[in-house]
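Novice: This is what each chain is made of:
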Amino acid sequence: MPTQFLNIIDILGTISFAVSGAFLAMGKKLDPFGVLVLSFVTAIGGGTLRDIMIGHLPVSWLRNETATIVIFSSAIVTMFFGRFLKHLTTTLFLFDALGLGVFTLIGIEMAIQLQFSLGVCIALGTITACFGGVLRDVLLNEVPLLFRKEIYALACITGGLVYFLLMKIKLDADLSKILCILLIFTIRVLAVRYKLSLPQFYNSTSKK
Amino acid sequence: MPTQFLNIIDILGTISFAVSGAFLAMGKKLDPFGVLVLSFVTAIGGGTLRDIMIGHLPVSWLRNETATIVIFSSAIVTMFFGRFLKHLTTTLFLFDALGLGVFTLIGIEMAIQLQFSLGVCIALGTITACFGGVLRDVLLNEVPLLFRKEIYALACITGGLVYFLLMKIKLDADLSKILCILLIFTIRVLAVRYKLSLPQFYNSTSKK
Amino acid sequence: MPTQFLNIIDILGTISFAVSGAFLAMGKKLDPFGVLVLSFVTAIGGGTLRDIMIGHLPVSWLRNETATIVIFSSAIVTMFFGRFLKHLTTTLFLFDALGLGVFTLIGIEMAIQLQFSLGVCIALGTITACFGGVLRDVLLNEVPLLFRKEIYALACITGGLVYFLLMKIKLDADLSKILCILLIFTIRVLAVRYKLSLPQFYNSTSKK
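Residue numbers (the numbering used here), protein chains in the order written: chain A, 5 to 212; chain B, 5 to 212; chain C, 5 to 212.
One or more of the hints may lead you astray.
The list treats identical chains as one, so a pair stands whether inside a single copy or across any two.
[Stated by the list, open to error] Only pairs whose alpha carbons sit at most 20 Å apart, straight line, appear in this in silico SDA-like list of lysine to any residue:
#  : residue 1 : residue 2
1  : Lys199    : Phe37
2  : Lys33     : Leu158
3  : Lys174    : Ile116
4  : Lys33     : Val147
5  : Lys33     : Lys199
6  : Lys199    : Asn11
7  : Lys172    : Gln119
8  : Lys33     : Arg152
9  : Lys172    : Leu61
10 : Lys199    : Pro36
11 : Lys33     : Leu200
12 : Lys33     : Leu149
13 : Lys33     : Val193
14 : Lys90     : Val196
15 : Lys174    : Pro36
16 : Lys33     : Glu146
17 : Lys90     : Arg152
18 : Lys33     : Val142
19 : Lys172    : Phe85
20 : Lys172    : Ile13
21 : Lys174    : Ile12
Hints listed in this document are in silico derivations from the structure and should not be mistaken for laboratory results.
Note that the structure is a prediction, hence the values are computed from the model and not measured.
Hey, can you work out the whole structure from these sequences and the hints?
Specialist: Structural data, given as structure tokens:
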């Protein structure tokens with residue numbers, strides 16, 4: 005049952021990542037093909053980078069028709085009904101925050117199977133959740149938002165650390181996962197709600 | 005015989021991709037080493053990304069001396085005789101359009117061997133043909149041309165779909181390939197000739 | 005003994021790469037997480053790209069706790085003591101030049117084990133040493149410095165060629181390595197000292 009529950013959140017997260025990619029691409033005046041690619045990259049970029057680095061090849065999405073169809077549909081719906089979707093900003097944001105949690109835990113779980121060290125597991129979870137957005141920003145020719153603003157990766161890292169803590173005290177694995185997803189979700193939502201962000205460095209060390 | 009024929013087009017396509025990368029790099033005032041790297045990335049980037057995602061490692065160009073020598077020579081010739089090559093713009097464009105077709109079919113063929121679904125096969129064909137240009141644009145710090153202008157990827161996708169159609173009606177495989185390469189070539193040439201492009205989205209959804 | 009010696013230079017090189025990534029990221033006003041990621045990417049990007057292309061997966065740093073801890077510490081120290089580190093610019097530059105040499109030889113050695121051709125071995129050595137910086141620049145949304153200025157890759161390529169020459173005349177392998185590292189180091193230091201660089205192309209071939 006929790007698996008099925010996680011699958012549903014996984015799909016909701018994929019949809020919201022795809023929609024966010026499509027919106028940004030449309031805002032940058034890309035053509036429909038560009039919008040489609042940016043949707044894909046945003047939704048599967050993090051998992052793809054993880055799969056490549058751990059050697060889990062072919063990368064997951066090549067064998068995962070559900071994800072492909074979900075992303076494709078999300079992009080097309082966004083292109084046609086973008087104006088309507090904009091009224092759903094809050095809903096999409098909540099899906100996105102849930103997706104962030106689920107993708108982090110999926111990445112951590114895969115890394116644990118391969119017996120990586122704790123730090124690497126958390127890094128791979130964070131990469132799974134966050135690097136689709138980084139690739140999206142690189143393709144759109146911007147300094148990745150992830151590195152500049154808002155608590156995003158920090159939520160994943162915190163959630164990951166707590167997951168290892170809960171496993172140490174031998175809490176049920178499924179329950180631990182759900183708790184950590186909710187934790188990541190909550191941190192993310194609170195950060196956006198209260199405009200929390202890490203302090204930035206000021207321009208004292210470089211000419212540019 | 006068709007194999008040999010395809011090999012020749014493959015090399016012509018590689019040359020024109022390498023030359024296009026070198027020209028763009030020179031226009032951006034890179035130094036000779038930068039021009040060389042951009043030539044390589046443009047010519048082998050798409051195939052390399054495909055190889056990595058499907059797990060065909062080491063990636064092809066590491067074992068393919070012909071390609072390496074062809075690209076290296078193309079870049080050097082472009083650096084020394086760029087002014088002369090500019091009179092060949094049309095010829096190079098025609099090679100490029102042929103290369104687009106050949107690379108698409110090479111990618112699709114590899115994906116079929118690995119028994120991916122139809123959609124993934126066409127995606128991998130398109131990636132093979134188009135993502136060298138995307139990587140080139142990312143390295144040159146521009147929003148990839150592919151996402152903004154001209155029918156490029158659409159030609160690959162159409163050609164890929166027709167290839168599966170021709171296989172369904174059991175046309176001879178080599179003949180099908182040549183027909184689809186010509187189809188991609190024709191779409192591409194017509195698109196440039198008549199300045200066809202997909203409509204772009206206008207800046208209604210984002211601040212930037 | 006030489007192995008231990010090389011390990012120490014490897015670590016010094018990693019530190020200086022990580023510090024350089026952190027400095028650039030701080031100059032671009034990234035937040036602490038962004039600084040951390042840029043440190044990592046600069047230090048392990050080249051080796052990661054090499055590992056992926058040759059199929060040496062999972063990529064090295066996932067199994068290399070020393071590197072991870074060294075980079076992490078370097079980034080944090082840079083964030084807190086950046087002002088102090090700036091007085092060490094020369095020291096860091098010397099480490100960086102040494103690192104360039106070591107990383108090149110590490111990449112070449114791995115490529116030789118896999119019996120790639122001479123050109124590919126040197127290319128993989130150069131990628132190991134230089135592409136962390138390229139990825140760093142791409143993430144910071146700049147045209148990679150490597151392609152525009154200073155003798156950097158050329159030092160690696162020259163060192164690599166000389167290494168094959170020394171092996172041909174059957175010089176002791178460890179001695180050859182040390183000589184080539186020193187050669188790369190010297191070329192790099194002289195290039196910066198005397199502001200040598202390859203000529204750039206001027207804007208005669210493109211509108212942009």
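Novice: Next step is simple, just say for each hint if it's right about the structure.
Specialist: Here is how each hint holds up against the structure:
1. Lys199 to Phe37: between (34 Å within a copy, 17 Å between copies)
2. Lys33 to Leu158: Result: close only across copies, 17 Å inter versus 31 Å intra.
3. Lys174 to Ile116: For Lys174 and Ile116, the Cα distance is within 20 Å only inside one copy (15 Å; across copies 46 Å).
4. Lys33 to Val147: both (18 Å within a copy, 11 Å between copies)
5. Lys33 to Lys199: The answer is between: 18 Å across copies meets 20 Å, while 28 Å in one copy does not.
6. Lys199 to Asn11: neither (30 Å within a copy, 45 Å between copies)
7. Lys172 to Gln119: Intra 15 Å, inter 42 Å, cutoff 20 Å: intra-copy only.
8. Lys33 to Arg152: The answer is between: 7 Å across copies meets 20 Å, while 23 Å in one copy does not.
9. Lys172 to Leu61: neither (31 Å within a copy, 29 Å between copies)
10. Lys199 to Pro36: Only across copies: Lys199 and Pro36 sit 17 Å apart there, 33 Å inside one copy, limit 20 Å.
11. Lys33 to Leu200: The answer is between: 17 Å across copies meets 20 Å, while 30 Å in one copy does not.
12. Lys33 to Leu149: Both, since 19 Å and 12 Å are each at most 20 Å.
13. Lys33 to Val193: neither (29 Å within a copy, 24 Å between copies)
14. Lys90 to Val196: This pair counts as within: shortest intra-copy Cα distance 18 Å, inter-copy 35 Å.
15. Lys174 to Pro36: neither (49 Å within a copy, 32 Å between copies)
16. Lys33 to Glu146: For Lys33 and Glu146, both the intra-copy (14 Å) and inter-copy (14 Å) Cα distances are at most 20 Å.
17. Lys90 to Arg152: Classified as neither; 24 Å inside a copy, 23 Å across copies.
18. Lys33 to Val142: both (16 Å within a copy, 17 Å between copies)
19. Lys172 to Phe85: neither (47 Å within a copy, 35 Å between copies)
20. Lys172 to Ile13: Intra 26 Å, inter 38 Å, cutoff 20 Å: neither.
21. Lys174 to Ile12: Neither way: Lys174 and Ile12 sit 26 Å apart in one copy and 40 Å across, limit 20 Å.
When held up to the earlier numbered hints, the structure conflicts with 6, 9, 13, 15, 17, 19, 20, 21 and fits the remainder.
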